[in-house]
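Visitor: Heads up: the protein sequence lines correspond to chains V and E, in order. Residue 1 is where the first sequence starts when you use the numbering used here, and the numbers rise one by one after that. Residue 1 is where the second sequence starts when you use the numbering used here, and the numbers rise one by one after that.
Warning: the hint list may mix true and false statements.
Distance ranges between label pairs, derived from CB positions [as the list claims (entries may be wrong)]:
{"no.": "1", "chain 1": "E", "residue 1": "Ala219", "chain 2": "V", "residue 2": "Arg41", "range": "40 to 46 Å"}
{"no.": "2", "chain 1": "V", "residue 1": "Ile211", "chain 2": "E", "residue 2": "Met200", "range": "50 to 56 Å"}
{"no.": "3", "chain 1": "E", "residue 1": "Tyr202", "chain 2": "V", "residue 2": "Glu30", "range": "37 to 43 Å"}
Covered, in the sense of this in silico footprint (three residues per stretch, anywhere, with C-beta under 8 Å from a C-beta of chain E), are these stretches of chain V [claimed, not checked]:
{"no.": "4", "segment": "30-42"}
{"no.": "5", "segment": "45-53"}
{"no.": "6", "segment": "73-87"}
{"no.": "7", "segment": "147-157"}
None of these hints come from the bench; they were simulated from the model. In this text the structure is predicted, and so the values were computed from the model without any measurement. Ideal placement from N, C-alpha and C gives every residue a C-beta, glycine not left out.
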Amino acid sequence: MLPGIASTNAATVTVAVASNFSAAMHDIVERFAADTGHTVRVSFASTGQLFVQIRNGAPFDAFLAADAARPQLLEQSGQSIAGSRFTYAIGRLVLWSRDAALAGGNCRSRLYSLGTGRLAIANPDTAPYGAAARDYLVAAGLWSRVKSQLVIGENIAQTMQFVASGNASLGFIAKAQSLDARLPEAVCSWTVPDGLHQPIQQQAILLKRAIDDLVAAEFFKFLHGAVVRDIVARHGYALPE
Amino acid sequence: MRQSLSDMAFMDFPGAGPLWLSFRLAAVTTALLLCFGAPFAWWLAQTKSRAKVLIEAVVALPIVLPPTVLGFYLLVVLGPYGAIGRWWVEITGESLTFSFSGLVIASCIYSLPFAVQSMQHAFEALDRRNLEAAWTLGASRSDAFFTVAMPQSVRGFLNAIVLSFAHTLGEFGVVLMVGGNIPGETRVISITIFDQVESMNYANAYRLSAILLLFAFFALLFMFAMNRRWQNR
Numbered sequence: 001m002l003p004g005i006a007s008t009n010a011a012t013v014t015v016a017v018a019s020n021f022s023a024a025m026h027d028i029v030e031r032f033a034a035d036t037g038h039t040v041r042v043s044f045a046s047t048g049q050l051f052v053q054i055r056n057g058a059p060f061d062a063f064l065a066a067d068a069a070r071p072q073l074l075e076q077s078g079q080s081i082a083g084s085r086f087t088y089a090i091g092r093l094v095l096w097s098r099d100a101a102l103a104g105g106n107c108r109s110r111l112y113s114l115g116t117g118r119l120a121i122a123n124p125d126t127a128p129y130g131a132a133a134r135d136y137l138v139a140a141g142l143w144s145r146v147k148s149q150l151v152i153g154e155n156i157a158q159t160m161q162f163v164a165s166g167n168a169s170l171g172f173i174a175k176a177q178s179l180d181a182r183l184p185e186a187v188c189s190w191t192v193p194d195g196l197h198q199p200i201q202q203q204a205i206l207l208k209r210a211i212d213d214l215v216a217a218e219f220f221k222f223l224h225g226a227v228v229r230d231i232v233a234r235h236g237y238a239l240p241e
Numbered sequence: 001m002r003q004s005l006s007d008m009a010f011m012d013f014p015g016a017g018p019l020w021l022s023f024r025l026a027a028v029t030t031a032l033l034l035c036f037g038a039p040f041a042w043w044l045a046q047t048k049s050r051a052k053v054l055i056e057a058v059v060a061l062p063i064v065l066p067p068t069v070l071g072f073y074l075l076v077v078l079g080p081y082g083a084i085g086r087w088w089v090e091i092t093g094e095s096l097t098f099s100f101s102g103l104v105i106a107s108c109i110y111s112l113p114f115a116v117q118s119m120q121h122a123f124e125a126l127d128r129r130n131l132e133a134a135w136t137l138g139a140s141r142s143d144a145f146f147t148v149a150m151p152q153s154v155r156g157f158l159n160a161i162v163l164s165f166a167h168t169l170g171e172f173g174v175v176l177m178v179g180g181n182i183p184g185e186t187r188v189i190s191i192t193i194f195d196q197v198e199s200m201n202y203a204n205a206y207r208l209s210a211i212l213l214l215f216a217f218f219a220l221l222f223m224f225a226m227n228r229r230w231q232n233r
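Construct the entire structure; sequences and hints are all you get.
Guide: Shown next as structure tokens:
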């Protein structure tokens, strides 16, 4: 396809998206396709994994991360389009379980009496929700206590799968995931108060590759709009001012 | 300046623990596969049963199945709501998934064809007349196996050991799904390399990858050299 006619015909935008945002992203993509006729191709992984892929030349037009740090790094290294970085959602961390043995108590008190159960978190080095979970556990003085019982998901999606399948009895997942109708019924679910970990500022950025791509620009404008803000809020995220 | 042993670079190296864990996993898996695989391979080599082809196809499945398929089934079956996992929890009080024991089970299935096929081919290549001679001379079936069949099948055993060990050491997809990345328990070397790459620690990734590459190469070199030696005899 010639670059010049990209905006008049149906075109494809390729976007790298942090795993926690998958449900909301599906709604956004559907809506964008209905409104404009353009297709959005999405790759889900942890923010750290996607960041490494982008650094190594992965062909993405835009990046929806689960933190602010990695989009900032891409901006500093000149791999993004200047001025495009913005916060599209503020994530919340939820402690979640379906383990019947935990019935009756609340999730938070179970952190102190895990027994032989496992606690699932996402990899703190590559997944911002994992870093937030570690922040909370350290601040609560629980880190050294639960450290030997951690199971670590490669991203927040795998972490959710660990608890949703019952393989881990407790897990720190994204609020958006805990609202997913496909999850089995929760035995307990506790939203970690915002002040107990670094805020999960989820930022998006347009990448260098999309510099002359009008459809990518259109998609980014769509992300700023009221339609997307509604979808984001509906999936359990807070919105930036 | 003098350095104590624990200060030495290798001890701080993030791959030292996972390397040791992977070697332990490969050693236990190989030992189990030899113990249980040998009688099974023997039966496969001797049987005239029509079910033989069916069983051979099942044994070979892990070679062609994506590790994610195996990993998914294991996650379901070994998990606390699964048939085997629930039973295990009742007995030991602990979950099979995310444990070393769970990885041993997974690896035994994953590397089964490499052990069984190597030994089966060796047993099938045996000269049956030697066995029959032993039987006529009054040796029991097990006597004949240990004194006639085994010594003549050394090559098969060697191939089984090298291939099961190396294949288990290289396991990634299955562990990614049922391991849970626990240091000292399930964080094997391939997972460590993946994490090092994803965290941009290329220097560590290079070092660990080079160790695995060299090991795999020399293991295979050893195997082919021994095969050649036995062939020429």
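Visitor: Tell me, which hint numbers fail for this structure?
Guide: 2, 4 and 6
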